[in-house]
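Chains as they are written, first to last, in numbering that gives the first Met the number 0: chain A, 0 to 421; chain B, 0 to 334.
A few of these clues could be false.
Pairwise CB distance ranges, derived in the manner of DEER restraints [claimed, not checked]: (1) Pro150(B) / Lys145(A): 25 to 35 Å; (2) Gly146(A) / Arg183(B): 22 to 32 Å; (3) His301(A) / Arg183(B): 57 to 67 Å; (4) Glu376(A) / Asn117(B): 57 to 67 Å; (5) Asp263(B) / Ser136(A): 25 to 35 Å; (6) Ser2(B) / Gly146(A): 31 to 41 Å; (7) Tyr189(A) / Lys129(B): 49 to 59 Å.
Below, computed lysine-lysine pairings styled on DSS-like, alpha-carbon distance capped at 25 Å [unchecked claim]: (8) Lys17(A) / Lys62(A); (9) Lys29(B) / Lys4(B); (10) Lys254(B) / Lys62(A); (11) Lys395(A) / Lys307(B); (12) Lys254(B) / Lys395(A); (13) Lys371(A) / Lys307(B); (14) Lys4(B) / Lys62(A).
It is worth saying that the hints were derived from the structure and are not from the lab. The beta carbon of each residue, even a glycine, is placed where N, CA and C say it ideally should be.
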Amino acid sequence: MRYFDEFYEPTLAQGIIKAIVAEASSFQVTSGSSYAPMLLPTAVDRQICLMEVCGTHTVAIFKHGIRGLLPASLKLLSGPGCPVCVTPTQDVDAAIWLSRQKDVILTTFGDMMRVPGTMGAGVEGLLPSAASGSRPSASLEKQRAKGADIRVVYSVLDALELAKTNPAKKVVFLGVGFETTSPSIASCIYTANQEGISNFWVYTCHKLIPPAMRALLESGETTIDGFICPGHVSTIIGSLPYNFIAEEFGVPCVISGFEPLDILQSIYMLAKQIKEEKAQVQIQYSRCVKPEGNEKALSMLHEVFEPADSNWRGIGVIPGSGLKIRQKYSRFDASLHFEMPDLSDLSDLSDCICGEILRGVAIPPDCPLFGKVCIPEEPVGACMVSSEGTCAAYYKYSSRAVLSSLENTKRDASSTIVRRRL
Amino acid sequence: MSSDKILLAHGSGGKLTHRLINEVFLEAFKNEMLEELNDSAIFHVDEGKLAYTTDSYVVDPIFFPGGDIGRLAICGTVNDLAMSGAKPLYLSASFIIEEGLSTVDLRKIVRSMSQAANEAGVEIVCGDTKVVARGAADKIFITTSGIGLIPHGIEISPKKIMIGDEIIISGTIGDHGIAILSQREGLEFNLKLLSDVALLNHLVASIIDAAGNEIHALRDPTRGGVATTLNEFAQAANSGIRIYEDRIPVRDEVKGVCELLGFDPLYVANEGKLVVVTSNASEVLSCLKGNSLGINARIIGEVVEQHKGTVSLVTRIGGTRIVDMLTGEQLPRIC
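Isolated chain A (complex conformation) (with noise of 0.2 Å):
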């Protein structure tokens, strides 16, 4: 297998979809409109739904186009598997405040540079006006363009690396990821560790992705009929994390792979159990993912790291949700090692949804800002700074006609959160 063209398929995808729909026809739809592909989805009274909890989902959906290739009775929702999306504010301001340090290098993955923050917004120090349009406006970048050593990196070792070769700066890495990345800033810290670096420490945002799914699902407040469980979080995690989901509440899971017809087989598969009214985790995923999860990885990330409540940009805090240091690796800490001042959340000053788009109430059309105030050049929430966010998807792949005549769509859509949320 070349791993090229196997997976796009056109007559197996078309086998896949006519499946889909065979399994779909049983769903009821109230009420419907013609679902036309390139538009966005506008509003059923009760469709089935489906979230595609990972970006990177969001983003091969959009690019495959598969949305339009599925019966007007089955919607997909982007949930909260971002991680740039999902770091407070106030993660992206506590590394503003490091990387101003004396003698701080602060290392990131270069998503994070654009992310908004509101330290230094202005006039030092205020908050920002939540009048409809304005922003906060500091950021990694902007800060690294006013002279604070803020450096990308591809891998956390290349920061540790830094600490080696500059042994007198003190070097602090960013950590954000899920449970994908996670596991290698665990083995980082294990070696600083090992190697008895003293100028390296890490700044955790890291989160965790069953717990976030559970938020969602005990908030009640959009109906979830179906999961497409993220595929490499569950090469590390496995399955066995996703049964609380079906047989605490009934809700059917499937890990997927990220080609269209891992995506399309995974519909089918939920499509089915739906149908079937079963509630299984089920791997569609199965060349890299197995029950179990990988087992050196997880149990690096046990040896260095312990759940914490973390709170999540728009969700807020969900306990045992995050990454914390060990106690035994707690040196390489830097909340505990820099005195860092309180720094309050402040993601809510804004007119940006992204909190109800990332827990599937709304879709990016929805607010206000879109596609008019916020662009992918000039982003006021983390969505549309990210490639992966849902913002930053739905941009990319609509059409300028339905941009431009996003005010309709905002009106319709307005009043059919109201109806969910009933």
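Start from chain A and add chain B according to the hints.
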């Protein structure tokens, strides 16, 4: 030249500058007009419309698989003239050189330009040289401007695009940008990725001979890739464009690197390809395929009435999506 490195003094206008011009530039760009070394080159033109273009070349690295900055500087400007249907005639060449550039490298680049100019049938008739302090430029920047003559009766412009026209690409896409990127990132692959940098003026002349004004628009998709060029066409013509993912030719090596690094070949630069919008696709296609630069030519889509000003793509699995203009980051300094 006794110096093995370019010095600031080479740019001062004095003896060293004259030696540089004589021993490096004149030695390579041999022609009567240039050798007069007047402030301006003077020439007659036949009656008709003139095409005039300019471009700067800042590619990094300056020597890359398949070419170098010199060859690129000639091909890029000659191609731009060809895209308006013009026969390229004369080029100017300006150099901004960083102090410390090796003279051997400069000679290589200049010889490469001379060779490309000969192949294109153009002469470099005027130029300029500046040397800046170390760090004020990156090795060498070249600007070329070009003049060409458009044959009587030929008019090629996106405004002529009509619904029903078909869209042809002359070969595989993304080769140049990925060749540069893989060199820069130090990515090593078993297969060699070459830039597609090439002169297109003879190819264009042959399709204009074959189809004349049935060719409505021509462009070489450089920075921003085929996606950006098609968007420019769609907007200029105020029509929709629909292309088919399974018809777009992409080399396996380019596909592989794009997959690995998260790029879309539609947005990656090309330096030896052209996009043709025409009402006589079969004639243009067979003419392209008869030329070594067009053997992989394919019809990839059509101009449609729907979604005016926008480009849509039918995906390999039969879905549809929008292909936007490139926004945000592109690969820096690839041309």
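Now for the hints, and whether the structure bears them out:
no.: 1; hint: Pro150(B) / Lys145(A): 25 to 35 Å; result: violated, 56 Å
no.: 2; hint: Gly146(A) / Arg183(B): 22 to 32 Å; result: holds, 27 Å
no.: 3; hint: His301(A) / Arg183(B): 57 to 67 Å; result: violated, 39 Å
no.: 4; hint: Glu376(A) / Asn117(B): 57 to 67 Å; result: violated, 43 Å
no.: 5; hint: Asp263(B) / Ser136(A): 25 to 35 Å; result: holds, 30 Å
no.: 6; hint: Ser2(B) / Gly146(A): 31 to 41 Å; result: holds, 38 Å
no.: 7; hint: Tyr189(A) / Lys129(B): 49 to 59 Å; result: holds, 54 Å
no.: 8; hint: Lys17(A) / Lys62(A); result: holds, 20 Å
no.: 9; hint: Lys29(B) / Lys4(B); result: holds, 23 Å
no.: 10; hint: Lys254(B) / Lys62(A); result: holds, 15 Å
no.: 11; hint: Lys395(A) / Lys307(B); result: holds, 17 Å
no.: 12; hint: Lys254(B) / Lys395(A); result: holds, 21 Å
no.: 13; hint: Lys371(A) / Lys307(B); result: holds, 20 Å
no.: 14; hint: Lys4(B) / Lys62(A); result: violated, 50 Å
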